[in-house]
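Chains as they are written, first to last, in the numbering used here: chain C, 5 to 118; chain Y, 117 to 227.
Some hints here could point you the wrong way.
Now the stretches of chain Y that chain C is said to cover, found in silico as 3 or more residues with beta-carbon under 8 Å [unchecked claim]: (1) 158-172; (2) 217-227.
Coverage of chain C stretches by chain Y, computed from C-beta distances (three or more under 8 Å per stretch; other residues unrestricted) [said to hold, decoys possible]: (3) 43-49; (4) 108-114.
Okay, derived cross-link-like pairs now, PhoX-like style, lysine-lysine, Cα gap no bigger than 20 Å in a straight line [unchecked claim]: (5) Y/LYS187 / C/LYS104; (6) C/LYS61 / C/LYS104; (7) C/LYS61 / Y/LYS117; (8) Y/LYS187 / Y/LYS173; (9) Y/LYS187 / Y/LYS117; (10) Y/LYS173 / C/LYS104.
These are calculated hints, taken from the structure and not from any lab test. The beta carbon of each residue, even a glycine, is placed where N, CA and C say it ideally should be.
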Amino acid sequence: KAGVTQTPRYLIKTRGQQVTLSCSPISGHRSVSWYQQTPGQGLQFLFEYFSETQRNKGNFPGRFSGRQFSNSRSEMNVSTLELGDSALYLCASSLNQGAKNIQYFGAGTRLSVL
Amino acid sequence: KNQVEQSPQSLIILEGKNCTLQCNYTVSPFSNLRWYKQDTGRGPVSLTIMTFSENTKSNGRYTATLDADTKQSSLHITASQLSDSASYICVVPTGANNLFFGTGTRLTVIP
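Bound conformation, chain C alone (with noise of 0.2 Å):
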């Protein structure tokens, strides 16, 4: 079984842009989670979708946003970069929605802002 997968697995742009970053869930799985890692802050939470619909979010920004599809993968983008969007981006999923159940993570998008 195939398991998640980001891409791209790096990214440069420039403050003022924007990116999309995407996220194939493991097979069978129908909630994926995006987070937000930096060395000083570790893992944040940005938000969880579930058949399609954001179920819980976390305390970022309006910039940050993202979608799921019908098939479970998931996108997140992020508008009018900052220098401190820099960070590894981890997508995880989970069979289901909610913080009780396991969650597999990607090997992540690294972002850097210039």
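Based on the hints, put chain Y in the right spot on chain C.
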């Protein structure tokens, strides 16, 4: 306030030696506690998951303990190998939708 704290922040040990990483949590209500290993440039991988009733759980050379009374967990690594060099993250879920992450312990195993 729900919080997960890990110590030490970083640790350097010689190959073959044992080490213990600590996790203290104030998350309530408690359902389970998870330890993840994250290699540099990779996503976290689950090592163990412990529920309220479990005191000890092993996964090869990794042994996790849980004291639900003192709200402490430890991850003991036996006979360390170079491949154990990674960050170890403690995660505690609560309620329906919230996951609380520790900031991790960065372990470096040197030959």
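Each hint tested on the structure:
1. 158-172: holds (count 6)
2. 217-227: holds (count 4)
3. 43-49: holds (count 5)
4. 108-114: Check passed, 6 qualifying residues.
5. Y/LYS187 / C/LYS104: Since the Cα atoms of Y/LYS187 and C/LYS104 sit roughly 18 Å apart, the hinted pair holds (cutoff 20 Å).
6. C/LYS61 / C/LYS104: With a Cα-Cα distance of about 16 Å, the restraint between C/LYS61 and C/LYS104 holds, given a limit of 20 Å.
7. C/LYS61 / Y/LYS117: 19 Å, holds
8. Y/LYS187 / Y/LYS173: Satisfied, since the Cα-Cα distance of roughly 16 Å is no more than 20 Å.
9. Y/LYS187 / Y/LYS117: Judged against 20 Å, a Cα distance of about 14 Å means the pair holds.
10. Y/LYS173 / C/LYS104: 18 Å, holds
Hint violations for this structure: none, all hints satisfied.
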